[in-house]
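Per our numbering, residue 7 is the first one in the sequence shown, and the count goes up by one each step.
Hints listed in this document are in silico derivations from the structure and should not be mistaken for laboratory results. From a predicted model like this one, the values you see are computed outputs, not experimental measurements. Possibly wrong hints are sitting among the right ones.
What the hints assert, rightly or not - The calculated lysine to aspartate or glutamate pairs, modelled on EDC-like cross-linking and capped at a C-alpha distance of 16 Å, are:
hint, residue 1, residue 2
1, Lys195, Asp244
2, Lys249, Asp185
3, Lys195, Glu153
4, Lys261, Glu313
5, Lys261, Asp290
6, Lys249, Asp290
7, Lys366, Asp223
8, Lys366, Asp311
9, Lys366, Glu313
10, Lys261, Glu186
11, Lys249, Asp223
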Amino acid sequence: MPQRMANLLVCMISFLVLHLGCCQSVQDTECSNYLTEPSGVIFSPNYPLNYSVLLNCFWSIEVPEDNFVILNFTSIRTECGYDYVTVYDGSGALFPQLGWFCYQPDGIVVRSTSNTMYVTFTSDSVVTDQGFYATYTAMLSHAQCVERLTDLEGSFQSPFYPFNYTNNLLCTWLIQVPDEYILQLRFTKIETECSQDFVYVFDGSDSAAQLMGRYCDTPSEMVLVSTANLLYAVFTSDTAITKRGFYANYTALEKISSCNEVLTNLTGEFTSPYYPMYYPNHADCSWLIQVPVGYFISLSFTYLDTECGPDFIAVYDGSSSSNRLLGTYCNVTGGQRLTLDSSSNSFYITFISNTFVTRKGFEAYYEACEEFQL
C-alpha cells in the first residue's frame with residue numbers, strides 16, 4: 007500500500023510540473039509583456055492558431071509622455087462569457103475599463119486618455135478559439151491642426167478622428183490650388199457639440215472671406231463648392247463636451263470659362279456646371295435653344311436636384327427672359343423626368359445658385375420636332 011501511494015504521489019507531481027509548469031512558461035514568454043516602444047503588436051498565444059486553456063495574460067503599454075495609445079484590434083475571436091480581452095485606461099487593472107471584448111470579427115479601435123494602457127486576456131479550462139491580434143501606436147495628445155493643403159485632392163479631419171476631439175481647439179486648414187481650378191469640399195459627416203463646437207468654411211484665403219456656412223451635427227453628406235481656387239476651414243471647441251468631429255475631402259475642378267450657351271442643333275444636351283459633380287455657389291447660367299422656324303422644342307430634364315428656394319431653373323417659352331415663364335424648378339424625385347414643350351422654335355433656360363448649399367444639379371436633353379401642318 008505505501009508503494010502505491012508513493013507511485014500516485016509521483017504521478018500527481020509529474021502532472022502538475024508538466025501541465026502547470028508548461029502553462030506558466032507560455033504566459034511568461036508570450037503573454038506577459040511590458041511594451042515601451044512607440045508602436046508594436048500584441049496577440050494571443052499561438053495566434054492565428056487556437057490559444058491554450060487557463061491563460062492569464064497581460065500587456066502593459068507605456069509610450070512617451072504627451073502621447074495617447076491607439077490600440078487597433080484587427081480581429082477578436084474568443085469564447086464569449088468565459089474567455090475575454092479587457093482594456094484598461096492606465097498602467098494596471100485598477101484603472102477604468104475602456105472595454106471588455108470577446109467576439110469582434112471585424113476588429114475594434116480603442117484609445118487611452120494618457121500615455122499608458124493595460125490589456126489582459128483570460129481563458130477558462132474548456133473551449134478555445136483563434137484569439138486576437140492587435141497593433142498599437144503612440145499619437146501626440148497635443149493636436150497639430152494648422153495646415154496648408156496644396157495638392158489637387160486631399161483630406162483633413164478633426165484631431166484624433168474617428169475618436170473624440172479634445173477641448174479648447176482652434177484648428178485651421180487653408181486649401182490653395184492653382185488659379186485655373188475651383189474646389190469641391192465634401193464632409194462625409196459632422197458630429198460636434200452644436201451649442202459650442204463648430205466648423206466654419208470661408209470662400210477664400212482667410213476668415214475675412216465670404217462665410218459659406220457654420221456647421222455642427224450633419225448626419226448626412228454635405229458638399230460645398232468654392233468660387234475660386236481657395237477655401238479656408240476653421241474648427242473650434244470649447245472647454246467641456248467633445249464628440250467624434252468630422253472628416254472632409256476635397257477635389258480641385260477645372261474652372262468652366264462660361265455657362266452661357268446658344269444651342270442650334272436639332273438635338274442636344276446641357277447640364278449644370280460640373281455635373282455630375284456638385285455645381286458651384288453663385289452660378290448664373292443661361293442656355294438659348296434656337297432651332298429653325300417650323301419646329302417646336304421638346305425639353306426633358308432627366309435629372310434635377312438643386313437646393314429648393316435659393317437655387318432653381320427657370321424656363322421661358324421664347325428667346326429671352328422677357329418671354330412667358332413656363333415655370334421654376336428645383337427637383338424631380340422618384341426617377342421621374344420633367345418634360346416641357348415650346349410653342350415656337352426657341353427656349354430660354356436660366357440657372358441660379360446662391361452662396362450656401364450646392365447639389366448635383368441637372369441634366370437636360372432637347373429635340374426639335376416639326377410642327378404638324380394641316
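Checked hints:
This hinted pair does not check out: Lys195 and Asp244 have alpha carbons roughly 20 Å apart, beyond 16 Å. Distance hint between Lys249 and Asp185 is unfulfilled; the C-alpha atoms sit about 36 Å from each other, more than 16 Å. Note on Lys195 and Glu153: the hinted pairing is violated, with a Cα-Cα distance of about 20 Å set against a maximum of 16 Å. Proposed proximity of Lys261 and Glu313 is contradicted: the alpha carbons are some 22 Å apart, above 16 Å.
The straight-line distance between the Cα atoms of Lys261 and Asp290 is roughly 14 Å, inside the 16 Å bound, and the hint therefore holds. With a C-alpha separation of about 39 Å, the suggested pairing of Lys249 with Asp290 is violated against the 16 Å cut-off. Restraint check for Lys366 and Asp223: not satisfied, since their Cα atoms lie roughly 22 Å apart, outside the 16 Å limit. Between Lys366 and Asp311, the direct Cα distance comes to roughly 6 Å. Compliance with the 16 Å bound is thereby established for this hinted pair.
For the hint linking Lys366 to Glu313, the alpha-carbon distance of about 10 Å falls within 16 Å, and the restraint holds. Taking the CA atoms of Lys261 and Glu186, the gap is near 6 Å; set against the 16 Å cutoff, the hint holds. Between the alpha carbons of Lys249 and Asp223 the distance comes to roughly 10 Å, so the proposed pair stays at or under 16 Å and holds.
Against the hints set out earlier in the document, violations occur for numbers 1, 2, 3, 4, 6, 7.
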